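Here the protein sequences line up with chains A and B, keeping their order. 431 is the number of the first residue of the first sequence in the working numbering; add one for each residue after it. 4 is the number of the first residue of the second sequence in the working numbering; add one for each residue after it.
Just so you know, the hints here were simulated from the structure itself, not pulled from any lab data. Fair warning: there could be bad hints in the mix.
What the hints assert, rightly or not - From the structure, some residues in chain A lie toward chain B, with a derived Cβ separation under 7 Å: (1) Gly631; (2) Phe632; (3) Pro658; (4) Ala686; (5) Ala688; (6) Met689; (7) Gln695.
Unchecked claim - Chain B regions said to be covered by chain A (calculated; three or more residues, Cβ under 8 Å): (8) 43-50; (9) 79-90.
Note that the coordinates shown come from a computational prediction; the quantities given were computed from them, not determined experimentally. We put the beta carbon where it would ideally sit given N, CA and C, even for glycine.
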Amino acid sequence: MKMPLKATVYMGVPVEVRTRTPSINRTLDIQIGSICCGLRCPDDEVYHRLRRLYGNFLAEQSADVTIELERTPGWNGSEVDDQVFSVLRDEPDVFVVEMQCSPAESDAGFRPLNRLFYLAYYSACLEKYGGSLPAMLVHACGVLRRGRALVLAGPSESGKTTIAGLCGENDGRVINDEMVLLSRPARDGGTSVQSVPITGGFPPGINITVPLSCILLLKKGSRTRVKPVAPVDAYLRFIRQIVTPTYLGQREGRTAAAMVADFSQETTSAVPVYELEFTLDGESLWREIGELEATMYGQVTK
Amino acid sequence: MIMNRIVQVDGVISRRIGDEIVVITEGGTSTHVLNKTAAVIWELCDGEHSLDEISARLCERFEVTFDEVRRDTAEIIDRLITIGLLGRSEKTATERGEGPTT
């Protein structure tokens, strides 16, 4: 079942949204890093499905950005893409976006909301922090092990969801199989990983912020092994996994590219980066990772 | 005679990673990695230095003759101009009202 939706994005919580049918509260306040995104649903069905999907990310703070979803019967747009995300109403701080979800295909049918969340996150950060983003979205599978997060980064089809599927109860806990938020390295080099309400092959996982263990650049292969990556190679491969900041209603190509370049430089010079070549053999995968962790922390972890 | 200055093309982004420099073209359409020598040349292509001045600076760092350095530097600069990372300017960065880039 296709569900054409129109999304109107407001920076902050405008009065017109706050006062509309106040007796029926169908707004979910969703945490995306340090940003709160109010997601106002068109009806009970959508509200309850999204509440279940993003239940771990419900926040109790005022929204930095509000997305109002409306059903738009009769609209026959294609699946969501960059064209669909054109700004239709050119008012300051109000942006209208058309999209098409397919909720009958399980929770994955709500994946078009992912891109809306990237835009909302970066746009709200721009308002809140100016040009300095505290954290950036990275295409990666995050796995929690012994209180730290492994970030297994790679493009589509590189195996992020495969890795998540190979993660058994004793191996770790999947934070997200598609994307995580990575903070800028602190002065001591410490970086934290934060989960995000992004739907990949699996629904969004736990809502957690933990220190980063290391970055593993994924490579499907015929054997399992971890090897160090030269600094330039790490920089070039990691930079491609950073979700470039794009803002509603504006294109700042050069500024965004410079932010991504800086973030990759800061991160890959502050944290260990390895290449993880892997097969579908989960046992050797987690054994190899355990040995790597033992070299980093001096103890064998499962 | 007007001495041409070599400048980094507007819109490219460069970051030093160890001894090397990564140059990303506008829009991220292509990425180039410059080795140690090319990285030094790149940093001197700030609109303030001519080919001879860049070559002289390199002579201070590497034990080779000026003529050799000048030939190799010209070749590298030509290649970087060909791939659209560098350009020539008849004015210095200061004359264009820009500060030298670092």
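Hint check results:
This hint is violated: A/Gly631 has a C-beta 27 Å from the nearest C-beta of chain B, more than the 7 Å allowed. Because the smallest distance between the Cβ of A/Phe632 and any Cβ of chain B comes to about 29 Å, over 7 Å, the interface hint for this residue is violated. Annotation: A/Pro658 was flagged as interfacial toward chain B, and the flag is violated, the nearest CB pair being 14 Å apart, outside 7 Å. With a cut of 7 Å, the hint placing A/Ala686 at the interface with chain B is violated, because the nearest CB-to-CB distance is about 9 Å.
At its closest, the beta carbon of A/Ala688 sits 5 Å from a beta carbon of chain B; the interface hint therefore holds under the 7 Å criterion. For A/Met689, the interface hint is violated, the least distance from its beta-carbon to any beta-carbon of chain B being 10 Å, above 7 Å. For A/Gln695, the suggested interface contact is upheld, since its CB lies about 5 Å from the closest CB of chain B, less than 7 Å. Check on the region 43-50 of chain B: 0 of its residues sit with their Cβ under 8 Å from a Cβ of chain A, so the three-residue criterion for coverage is violated.
Coverage of the region 79-90 of chain B by chain A is violated. Counting CB-CB distances below 8 Å, 0 residues qualify, and the rule asks for three or more.
Hint compliance for this structure: hints 1, 2, 3, 4, 6, 8, 9 are broken, all remaining hints hold.
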